[in-house]
Amino acid sequence: MGIVLAELAKQLGAQLRGDSSVEITGLAAPERAGPQDLSFVANRKYLKALNIARPGALLISPRDLPHFDGNALIVANPHVAFAHAAGLLFPPATRPQGVHASAFVDTMAKVDPSAWVGPLAVVEANARIEADAYIGPGCYVGENVRIGKRTRLVERVSVLQDCILGEDCIVWPGAVIGSDGFGYARDGARWVKVPQVGRVVIGRDVEIGSNTTIDRGAIDDTLIGDGVKIDNLVQVAHNVQIGENTAIAGCVGIAGSAVIGKRCALGGQVGVAGHLQITDDVTVLGTSLVASSITEPGVYSSSIKAEPVDLWRRNAVRLRKLGDLAERLRRLEKQIKEITGEDSR
Amino acid sequence: MGIVLAELAKQLGAQLRGDSSVEITGLAAPERAGPQDLSFVANRKYLKALNIARPGALLISPRDLPHFDGNALIVANPHVAFAHAAGLLFPPATRPQGVHASAFVDTMAKVDPSAWVGPLAVVEANARIEADAYIGPGCYVGENVRIGKRTRLVERVSVLQDCILGEDCIVWPGAVIGSDGFGYARDGARWVKVPQVGRVVIGRDVEIGSNTTIDRGAIDDTLIGDGVKIDNLVQVAHNVQIGENTAIAGCVGIAGSAVIGKRCALGGQVGVAGHLQITDDVTVLGTSLVASSITEPGVYSSSIKAEPVDLWRRNAVRLRKLGDLAERLRRLEKQIKEITGEDSR
Amino acid sequence: MGIVLAELAKQLGAQLRGDSSVEITGLAAPERAGPQDLSFVANRKYLKALNIARPGALLISPRDLPHFDGNALIVANPHVAFAHAAGLLFPPATRPQGVHASAFVDTMAKVDPSAWVGPLAVVEANARIEADAYIGPGCYVGENVRIGKRTRLVERVSVLQDCILGEDCIVWPGAVIGSDGFGYARDGARWVKVPQVGRVVIGRDVEIGSNTTIDRGAIDDTLIGDGVKIDNLVQVAHNVQIGENTAIAGCVGIAGSAVIGKRCALGGQVGVAGHLQITDDVTVLGTSLVASSITEPGVYSSSIKAEPVDLWRRNAVRLRKLGDLAERLRRLEKQIKEITGEDSR
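Protein chains in written order, with our numbering: chain C, 1 to 345; chain Z, 1 to 345; chain R, 1 to 345.
This is chain C alone, in the form it adopts within the complex (with noise of 0.2 Å):
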């Protein structure tokens, strides 16, 4: 089910240069890129990959292009393009329709027609599932639950009672959305558990990784904005927010009530507190720590490279006897001071 390179260009908007009629069946990385497969150049460094490999067609900027003299495929932006070509090349499975006979859909859940429930899914009273969605095997969907339009829980996905995803949503197995935030009240040694009333309501166009883990909002809702990515094994506690086309990588923690701006990357293994504020269009590198609220754009960083332990645990101890190293510091300027009458600082 190769795609002739004429037709690929068409579809993609593309300028061809070169053998319109070289069938592309498949795709590969730029070193290992065979006559048949389509590969993409996004960064000029790979180039040099291609004097070796030889693509049946590339994906390229303009700027890149006189670097190249193989078949082209001229585009402004070779990533985007490149995905596009990727679903043409290998488009999504049909989806069915109705409710699988192992399925368990309450008399009171209304599943659109067009619908799909899987085997051994359930549906609780009152949920809606929307045009075209797809509740995969095992999946369980609570009660007073929407689930948008063509939104795709992929398999064994937990959504619970009077939680809300939008439209164009898909969400891998595993996921958790609509548990209870971690909300006690300390009585002496004792926690009460603070009933968690609020609700999880999610965009559109949104993906929720393998294993990741949202609550719900304790008195108003945890809501995460559309178009908004996230990875596998993170975690979203109670009340945050979480801006549109905002990517968070996998293991990444959010405490409750951080509010977390538009277009922001998170990288794997963020830490991000409680009750404070990212504005939009901040990068986090990965296994950094937020602590309290970045109110200007930028890249933030804390984390620290490993390195051979013998160097680093020197290092380490020399970090807990910083005080003394400052205090040593200060008595040699004071010394200084005595022997040359002037202020070092």
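Worth flagging that the hints you see were computed from the coordinates, not collected in a lab. Don't take each hint at face value.
Repeated chains share a single entry, so a pair holds when one copy, or any two copies, can fit it.
[Unchecked claim] Below 27 Å or equal to it, Euclidean Cα-Cα: the simulated DSSO-like pairs (lysine-lysine) are:
(1) 149 with 110
(2) 149 with 262
(3) 305 with 45
(4) 10 with 334
(5) 337 with 321
(6) 149 with 193
(7) 193 with 262
Dock chains Z and R against the given chain C, drawing on the hints supplied.
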């Protein structure tokens, strides 16, 4: 289904000041509370918000009462009272009883007639589900497991063979209790699996978050004390012991055989190394690493706050050169001593 | 179902010293072992404990034997022998064969007659379940998946389409193998999803922990080598490669296209950045960050130990002012040079 203020005061054992006929129908944060909402103030600084919003009633301590002139329910601990009030305003749904037709319950399992086993749940041989327990949709209860009275496995919870949960626990979707500990013996380059034959034994009034994992003991049991609260995506390794009323936030990892005391609090993403002890009443701030035993109660940290990346990188480079810095300081001290004849330290 | 010591020695290939008629019925840590328990000593320091407890028999190396005078099974590697003995004392339950009536197996799937598909499991079209494999309750096996001989999906495991697991693997509940990698092309403010068309290919004798996630490759495959052991709640991103016999502890996050060598060990919560290489025989201590390639075998760390919070905060503040400190030092050096006429460095 609101509650008149007079009745609410009575049920909470609160002293009422103001209009006893107001009907309370919802909960709200102080800054957003409307005329039928109940709110609370645990922190005096929020009283400012109340000059703008006007709750139907406010749970407040006698100490803070003079700062507020609206309808007040006066209690010693407003946060705890709020937790109770939320339970009154949003009572949990009545639990069904019996076994859903689509559940698979082994003939050798014992399910109390007052308990519920939901759709597509599996209960294996010799498992015991006690009175008023709730086994939600898609849960798995292994052989010989015991689920205590009133304990609620919300949905799609796994409790593997031989594990024990006490009374009044709540476990959220995706939690796995009783998977094998990560135990191997090294045989040259290969790892030989060491069978894990202990259990997980969980006390009463414990809450376990979504996608949290608690491994069974290698030989002895993994032990979770009464009143422990564990958030989402927490890893508890084999033979860990967690003391009563300790609270553990999201994304924490606790390595094998760590022993954590009572009334401790571990912040989000904290790491606890294996084979160490943390005494009672220890708080560890988020993202910190407990790498050796802690013998004194108190607050501990090794968290580092993210900064603009250029600034951070300069400091991170210097951190790796602390040895140089210390050596340069030592030389200066020596020179000064030669000049002055006296020791600067 | 105990084993007499003479028989145990024979099966383990151990030399027996002491009472060969003792019946061993259990396992215990050295310090708690009773007269019918088998224990082992891999570390000489535990021999002290044995002066108090008295195991039914002790697995011990020839070197340590003189320090112990009870019943002994003498072996080269007591820990490995203990692993084997545990398997003899607690043999795995016999696997059932066939397909449970409540499972959903597509008519186009191939299930070997000696394999087992448990209650409420789903096996999709063209999946192949090989001889003696075990698909536990609630598992999901996608289209074209291959599950190797004797491999055991314990319960509620997801293996999505096209992925391959070798022989003798074990996968714990909640693990998700083959969800889409986190791949997007940036188009202005929006993220455009890049279809992920690679697979996850897993070797033989691999163990994968609860709620661990392994994403499929973007174009090429994600590769997990023979003998790899992965703990709970680990994230393995698209196109990662993990070499043979590498062990990865809980809560580790590995970013896309990282290549990890053979016989490596990653401690708990370690982060590995994307597009880098770690050579063979590298150990990374818990919570450290691998931010660039590691080309030399050895032990690496960037972990920082928690301290009392007041002490820590002072040092953290100084860490942010290391630039000042260095600048002050530089000035002093200059002044000294002016005084002494010689360079202090």
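We went through each hint and held it up to the structure:
For the homomeric pair residue 149 and residue 110, the shortest alpha-carbon distance inside one copy (13 Å) is at most 27 Å, but the shortest distance between copies (34 Å) is not. Taking CA atoms no more than 27 Å apart as the test, residue 149 paired with residue 262 passes inside one copy only; the shortest distance there is 24 Å, against 46 Å between copies. Taking CA atoms no more than 27 Å apart as the test, residue 305 paired with residue 45 passes inside one copy only; the shortest distance there is 25 Å, against 34 Å between copies. In this homomeric assembly, residue 10 and residue 334 never come within 27 Å of each other (Cα to Cα): the closest approach is 76 Å inside a single copy and 69 Å across copies.
Taking the closest pair of Cα atoms, residue 337 and residue 321 come within 27 Å of each other both inside a single copy (25 Å) and across two copies (22 Å). Proximity of residue 149 and residue 193 under a CA criterion of 27 Å is satisfied inter-copy only: 18 Å between copies versus 36 Å inside one chain copy. In this homomeric assembly, residue 193 and residue 262 come within 27 Å of each other (Cα to Cα) only across copies, at 18 Å, whereas the closest approach inside a single copy is 33 Å.
The structure shown violates just one earlier hint, number 4.
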